[in-house]
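K.L.:
Counting in numbering that gives the first Met the number 0, the sequence shown runs from 0 upward without gaps.
What the hints contain is simulated information worked out from the structure, not anything from laboratory work.
Fair warning: this is a prediction, and the values are worked out from it, not measured in the lab.
Please note: incorrect hints may appear among the correct ones.
Claimed, not checked - Within a straight-line C-alpha distance of at most 25 Å, the following computed SDA-like cross-link-like pairs (lysine to any residue) qualify: (1) Lys167 x Leu178; (2) Lys167 x Glu180; (3) Lys167 x Gln179; (4) Lys167 x Tyr177.
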Amino acid sequence: MAEETKPSKPSATSPLLAVLAAVVAIAAVPGTVFGVCCAVIGVEYRRVRTSRWMAWSAITLVLAVIAAGVDTGTWSAWSTSFAARTWATGLVAGADTGILGWAAAHTDAPWSTVIATQLGFGIPVGFAIGAIYSVFRSRSRRLEGVVEGETYSNLRPVGWLDRIHEQKVRARIADGAYLQEGLD
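Construct all of the structure, not just a fragment, from the sequences and the given hints.
P.N.:
What follows is the structure, given as structure tokens:
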């Protein structure tokens, strides 16, 4: 006789690791967390094409790098502004160059600068992660559309421009714009 195996209890380490990762992310790069959350909510709420997410990511990245003085090193150093201003002041105090040097020079930055740099780094990264998330969700969205209907599909929903176009076409049809004369 084969010995029965008992199902193993689910481990509590996975949720704890997820919570720990979320706390670390919020403590280190809250602007990026904000950008990613907004992008994921945007992907789930409004089905926008992945190419648009990538375009938004590229445009905001270019604008942020221009705002950083056309220096990608400074732009990437913006990710440290919150940590440098709050809890990592002592850790970066001795650094002179690179990202840590930028953080050490900005430990006393005003909160408006911290917020601007966090969003300048986080929004392009959030849009890029939103595009990647959109790619991974597209197959399941397509399948949901087949099973549940177009409300759950990955197709672009009908918007206000579509409704205006439909009204114009209906008005043209009612006025006889599409009648072909002399076909009796």
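K.L.:
Any hints from earlier that this structure breaks? Give me their numbers in increasing order, please.
P.N.:
Violated hints: none at all, because every hint is consistent with the structure.
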